[in-house]
Amino acid sequence: MTTPKRTHPLGLLQHIAKSIKDYWFLFILLLSQWQHINSVWFWGTLVLMLVAFLIWPTLKWLMLSYAVTPDAVIVHSGIFVRHHEHIPYSRIQTVQRKQWFYLRPFKLEEVLIETASHDDSAPEARLAAVPTDVADTIEHYRHTAPAATAVADDTTALTATDTADQTDAPVLAHYRINSADLVKFGLTSLIFIPFLLVLLGLYNKIPESFTNSLINDASHMALALLIGGAILIIVIAWLGAFFWTLTRYYHFELDREPDQLKAAKGLFQRNTITAPIARIQAVRIKQNILRQWLHLQTVQVLIASKAASDDDDNDLVIMPVIANQAVYRTMTPFVDWLPQTAPDLTALRVPRNWYLMRNAVLFVAFPAIIIAWFWPHLSWISILLVIIAILQGRFAGHNTAGALISPNLLALQTGHFWTREVYYVPADKIQSMGFQQSIWMKKTQLAHLTVNVRHGNHNQAIELRYVPVTAAQDLYDWYLHRT
Amino acid sequence: MQPTTHHLPPRIKRIWGYSAMGSLLALLVITGLLWLAYRYWDWAAWIPVAGLVLTIVEPIVEVAFIPYRYQFTRYQISDLAVEMQAGFIFQKRVAIPIARVQNVTLNAGPLLQWQKLTKVTVATAATSHSIEGLELPEAEQFREQIMRLAREARHDNA
Chain A
1 MTTPKRTHPL GLLQHIAKSI KDYWFLFILL LSQWQHINSV WFWGTLVLML
51 VAFLIWPTLK WLMLSYAVTP DAVIVHSGIF VRHHEHIPYS RIQTVQRKQW
101 FYLRPFKLEE VLIETASHDD SAPEARLAAV PTDVADTIEH YRHTAPAATA
151 VADDTTALTA TDTADQTDAP VLAHYRINSA DLVKFGLTSL IFIPFLLVLL
201 GLYNKIPESF TNSLINDASH MALALLIGGA ILIIVIAWLG AFFWTLTRYY
251 HFELDREPDQ LKAAKGLFQR NTITAPIARI QAVRIKQNIL RQWLHLQTVQ
301 VLIASKAASD DDDNDLVIMP VIANQAVYRT MTPFVDWLPQ TAPDLTALRV
351 PRNWYLMRNA VLFVAFPAII IAWFWPHLSW ISILLVIIAI LQGRFAGHNT
401 AGALISPNLL ALQTGHFWTR EVYYVPADKI QSMGFQQSIW MKKTQLAHLT
451 VNVRHGNHNQ AIELRYVPVT AAQDLYDWYL HRT
Chain B
1 MQPTTHHLPP RIKRIWGYSA MGSLLALLVI TGLLWLAYRY WDWAAWIPVA
51 GLVLTIVEPI VEVAFIPYRY QFTRYQISDL AVEMQAGFIF QKRVAIPIAR
101 VQNVTLNAGP LLQWQKLTKV TVATAATSHS IEGLELPEAE QFREQIMRLA
151 REARHDNA
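In order, the protein sequence lines correspond to chains A and B.
In case it helps, my numbering puts the first sequence at residues 1 to 483.
In case it helps, my numbering puts the second sequence at residues 1 to 158.
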């Protein structure tokens, strides 16, 4: 496969679909011109649509060609400005394969290749519809790529030579979600909140006169009916989110191959992401408030790639839902540097929650005062804001923790917006570390510690605030003098 | 190599002084625009007044804090890491291991160029951290030193 090839004609569909997604507003423009069917504007819009949805994608498809050579993946693209992308295997962060159900009978899939370059939010290469053996070939060359240039870690160096002749790397560990867990994951997902906000946003768009009459009607109605209506809306949003999660994580599978993790999921679109273990920047174990009550956790990995941008919080989920006590036992076969049991993180606990609570209240103070001042009848919102802030501050205080659990592994726990997150960061993946202390904190013997980790195309600052100064200082000095 | 602590060149204080004057000018223009808005669009009178107060107070505070800012801004280089420090009331320190440094960039705006100074930015795969101004030869030496140490300590992780 060394001569450049075009992608399969079905890829054209993908290009058209993307154009429609990007320029859907042209339809609205067309509809708005519907009355003046003979005007030049109507026909202009029609021509514009023809170009945007048919000619442009076709040209794009015609001009895109790719070649998988033993040294690199080469992609030629562009209509007026030609791009020649040359991606050596050692630079590849993630290979993502997306297979829509209609591509399955043709043994085709979309392949996205990402490197760690800062430049674009888009992947380095996007091949809309190519035979499935293209990705297999890429994987094969990736395994045989010289390890010295690939990564400094020993894990890859060992495997690079002995997998040279086989395309399928041996699977060292395998996990497949069962239906009970999938349902649990869907039901405890909090993505119904954005759904709910959209519904509420729609409510705001309703004309004033209409809402007023609604409120008038409502005052005649029984309170029970009103509450019932509210619950109904929440249930609808929740069910919507539930089925959405269900289709996305359907048949979730995780495989540990000698030097990489492979996660596959999805019903209508099967989405497979492979990421080299040596490139994992951090592991995050996360619990939203619902999952805290039910003692369930979600495990994600932070990688220097946007491949997982559809996942929760843009991070590659490697274990959607798992019981608290089984996390470490289940995860160590997949990521071997994780601890065997839940570690003791008391070294960086917050001694007094007061400062975090105070700061949270200060944060909402201004909007709360504005609301209470200008709309006195809405002052209950201000009170609610302050109460939420106090509780949030307390939650953050309770959940801030961390410790150096081995000379090469740092564990940090934070609590933001009722989500508890534990990060495991290998020492050589910490990009920089910050230490902050105000003059007043000298008296109280507290300090802030910031740990910077690469995440997607940007920085993830893990901040532990108001932790004991001696512990923070020790950790900072350890990092500063680490060889 | 023992870590050595460096201060910024004293001329950086002059740059900060000019930059305070720059803020004064910018704020004056904004206040002028606010006054016009008050005059012709019937904006409330307290808006240009607040603008004027800010115009007077902000540059004074900025100038007053220059000696303090200079006193507590420093950086250190050892074989293993670069450390930058700033502030005393709000003390900030950041440690960047040499092995994590991706590149060192020197850039200078017109003011810095005129004073033959340059801003030095140390970038890792995730973050970037700047030293506000160094003498040109000093900055180049700093860059050479870090890039040499980085080549020695190279672990490619991004």
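Just so you know, the hints here were simulated from the structure itself, not pulled from any lab data.
You may find that some hints are simply not true.
[Said to hold, decoys possible] Calculated cross-link-like contacts (lysine-lysine; reagent style PhoX-like; alpha-carbon spacing at most 20 Å):
no.: 1; chain 1: B; residue 1: Lys119; chain 2: B; residue 2: Lys92
no.: 2; chain 1: B; residue 1: Lys119; chain 2: A; residue 2: Lys443
no.: 3; chain 1: A; residue 1: Lys442; chain 2: B; residue 2: Lys92
no.: 4; chain 1: A; residue 1: Lys18; chain 2: A; residue 2: Lys60
Since we're looking at a predicted model, the values are computed, not measured.
Task: Hint check against the structure, violated hint numbers in rising order - done: 2
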